[in-house]
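Novice: Residue numbers (my numbering), protein chains in the order written: chain A, 1 to 537; chain B, 1001 to 1317.
FYI, nobody ran anything at the bench for these hints, they're computed from the structure.
Quick caveat: nothing in here was measured; it's all calculated off a predicted structure.
Among the hints, erroneous ones may be present.
Listed below are the simulated DSBU-like cross-link pairs for lysine-lysine, each with C-alpha atoms no more than 30 Å apart in a straight line [to be verified]:
#1 A:K164 <-> B:K1007
#2 A:K194 <-> B:K1236
#3 A:K427 <-> B:K1007
#4 B:K1052 <-> A:K420
#5 B:K1052 <-> A:K129
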Amino acid sequence: MNFVRKQLPRWLVSLPVALLLHTGAQAETVARYGISMADIPLTTGQPDRGAGAYQFTGHTIYDPLVAWEANIATRPGKLVPGLASSWKVDPKDNKKWLFTLRKGVKFHDGSELKADAVVWNLDKVLSDKSPQYDAKQSAQVRPRIPSIASYRMVDDYTVEISTKDVDSLFPYQLPWFLISSPAQWEKLGHDWNKIASQPSGTGPFKLDKLVPRQRAELVKNVAYWDKARMAKTDRIILMPIPDAMTRANALLNGQVDIIETPPPDVLPQLKSSGFKIVQNVTPHVWPYHFSTQPGSPWTDIRVRKAANLAIDRDAIVKLLNGLAKPAKGQVDATNPWFGKPSFDLKYDVKTAKELMAQAGYSPAKPLKAKVIIAQGGSGQMLSLPMNEFIQQSLAEVGIQLEFEVVELENLYLHWRSGAKSDMNAGKGITAINLGYVTADPFYAITRFVDSRYIAPNGVNWGGYSNPKVDGAIDTIRKNFDPKIQDKLLAEIHQTMVDDALMLWVVHDLNPHAISPKVQEFVQAQHWFQDLTTIRMK
Amino acid sequence: MFAYILKRLFYALPIALSVTVVSFMLVYLAPGDPLNAIAPADAPADVIEALKSAYGLDRPVPVQYGLWLWRALQGDLGTSIASGRSVVSEVFSAVGNTLLLAGIASGLGVLVGCVLGALAGYKHGGGVDRAATALSVVGVSIPHYWLGLVLTIIFSTWLGWFPAMGAGPGGSTDWSWDWEHVRYLVLPSVTLSVIPMGIITRTVRALVADMLAQEFVVALRARGLGGMAVFRHVAKNTAPTVLAVAGLQVGYLMGGSILVETVFAWPGTGFLLNTAIFQRDMPLLQGTLLVLCMFFVGLNLLVDIVQPLIDPRMGRG
C-alpha cells in the first residue's frame, strides 16, 4: 500500500511525459518525389509550367475558392468547396456569383482569410494598376479565368464575382485561381521574389526550403482547416529530375520514393525490383488536330475518318509498354461528356482504304499532307516513335505524311496562331500534333469547337465552325443544371467524333512509379494530384 | 613582360565585346518565343502583347541590346523571365557548382592524361602505348550522355555505391567536404573527365615521343643524365603546348556540360542552360552565355600570360 501511495503519483506524472516524449521522438515521415520538370514551379501563388505543376506548388501551399476533388481514384473528380464553403448564382442577374467564405481559415503566417484577401488576390492577377499586381502570376492564371468581368467584397465573408456573359461553367475556372496572403506580401516588403522562398497560403503544406532547380521541401500544415485532407506525410521533398532515365535510376537507387513518368523501357526492371506502377485515366489526349480551312486535305470527312480507322491504337499502347489507353474520342469513353458517337474509332484498314478510294486516293496515288510535330516535351509522350508509327499506318491507306519537327515551345507559336496563319497555311501545314489537357468542359471541348475561339482568339486551331455546336455551347452557358450541362456536352462531343474533327490516338495514363516504402498514393483521374494522400511506411 | 600582358589584355577587349553581341543575338536566331517562359501555351494574343510590353520585348533588338549591355557593365544581367530571380545570382550559384565538378573532372582528366600520355610516349610502339592510345580514342569518341547512363546503371543502380543524381543529400547549398557529399561527385566527374583525358593523352604522347627523338635529348643522355633528369627537360619543353591544350579543355569543362549535368541533375551552368533554352528564358540564357564566354576569354588570357613564364621564347613575339 505504501508502495502504491509512493509510486502511483510518480507513474501518473511520468507516463504521460514518457508517451509525449515517445511521440516527439517518432521519426518524421519523408517522401522524396522525383518530378519531371527542370525547375520547381513558381511558389508565389500561381505556378508556372502548366497544369501538371499545380499538384506541386499550387494545391499544396494554397487553396482555391472552388476546389477539384483529387483524392479519389475510382471515378472522375468533381468540383467541391474550397475556401468558399458555398457559391450560388444571383437568380435576378445570372452574371453575378456569390461566394461564401469559410470562417476561421488562417494563412500560414497566422493572418485570417476574409473577403478582402480574395479581392486583393483578384487584383493581383487582373488589375495591372494595383500595387500587388504580378505580371508572372497574372500570365499564368488570366487565360484560365477568362469569364471574370468584375468583383467586389460584399461583407467580410462574401465575395461577388460578375462574369462577362452568363456562364454556368464559370466555377470550373476557379480551381486554377489560388489565394495567397496579403499580410505576407506586406511583411516581405511587397517583394514577390522574397515571397517565392517564404510563401504563405492556406494549403495543407507549408514551404520549408526552396533551392532553385534542386528541391522544394514542403512540411505538413498541422493547423490545416480541412481535417479530411490533412497531409499523411510530414515532409515531401520535390526534386526536379528532367531526364526520365535519371529519374528511374534515382528511384532504383533509393534516392527518391516516387517518380512521375517512368520511361517505358524501364518498366519491367522497376516491376521486377518490387516497385509499383500506378496509373489512371487522365484528362489528356494525344491527337492530330486537323485544319478545316479551304485548301486543307482534311476538309473531306472521308479522309479524316479514314485516318482515324487506319491506326492500330493497341499497337501504340504496346509501343508505350502499356502506359496509355486507346482513344475513342476527345475524352475517355467513361467520361460523362463522351456521349454516344456513331463513328467508332477502331482499327479497320479495309474501310479506311474504301473511304480513301471514294475520296480519290490510294497507296499508289496518295494524298499528301504536312503535319507539324514536336520532338518531345511535356504532354507529347514518345512523340517521334509514335508519329513515325502513324506515318507508316496512314501510308498503308494512301495518306502520305510529311513532318515538320520543331521544339515544343515553337510548336506552341504555331498552335496559338491558328491553321489559317502564314506560319501554318503559308508553309503547307494542315495538321498539328499537340497533347491536350481535357480536364473541364472548356479545356476538353468548348475551346476547340466554339467558332468564337478560332485562333488567334483562342485555340480552335483548325477553324471549326458549326452553328449548331455554337448554339449548344450558348445553351450550356445559360443552364445551371449540371445534368443538362453534361447532356449537352455529350452531344457536342458526339458531333466532334462523328465529324472526325481530329485524329485521336491515345490518352496518357500519367504513370507514376512508387517504391515499396510508399504505403498509399491515390492517383486521381486528373492532372491535379493530391499530395496529401501520400503515406509512407 | 608587362608590355606583353598589356597587349594580350588589349586584344581581349574586342573579343569580349564580340562575345556580348553574339551572346545577345544568338538567342534571337533560335525559333520560339521568350514569352513561353511565362505564358501558358493557350494564352490569348492580348495577354502575350501585354507581357511583351511589360518585359520590353516590343522594343527594337538593337535598343534591347544597348540597354542590356549598359546594365551588364554595371553588373546587372537582369532577371529571369521564368523565375523572377536575379540572373547574376542564378548564374553564379550554378557556376560555383560547375566549378566544383569541372575542377575535379579537369584534375582527373589532366592528371590521368599526362601520366598515360607520358607512359605511351616513353614506350612508343609498345603494349603500353597501344593500350593508352586505345583508351584515349575511346575517351574522345564515347558519347558523354551514354557513358553517364552506363556508369549510373552499373555503380548506382546495380552496385549502389554512388548516388544516381543530385549535388549532395541536401542539395548543393549544404555542400561539405565529407564522403557523404563527395560521393555525389564521383560519377559525374569521371564521366566529364573522359574527353579531356583522351585529348591530353594523345597530345602528351605525341609531344613526348617527338621530344625524345630530338637531338638535345640525345645530347643530354650523352652527357650521362639519368632518366629523371631527362624527363624533367622533356616535361619542361612539352609543358607550354600541354598547358594550352589543357587550358582549352578546362575552359570547355568550366562551361558546363548540358548533357552530363542533365543526366546527373547536377545544378551547374549546363543544367541552367538546358532550362533556359527549353523555356526560352532569354535574360537567363543571355546572362549565362555571357558569363561562360567571358570565363573562356579570361582563361585563354591567363594561359597566354602563363605560357611565357614557362617558356620565355613565347613572350618575345
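Novice: Now tell me, hint by hint, if it's right for this structure.
Specialist: Hints versus structure:
1. A:K164 <-> B:K1007: This hinted pair is violated, its Cα atoms lying about 68 Å apart.
2. A:K194 <-> B:K1236: Not OK: A:K194 and B:K1236 at ~54 Å, beyond 30 Å, violated.
3. A:K427 <-> B:K1007: Cα-Cα ~52 Å, so violated.
4. B:K1052 <-> A:K420: holds, 23 Å
5. B:K1052 <-> A:K129: holds, 17 Å
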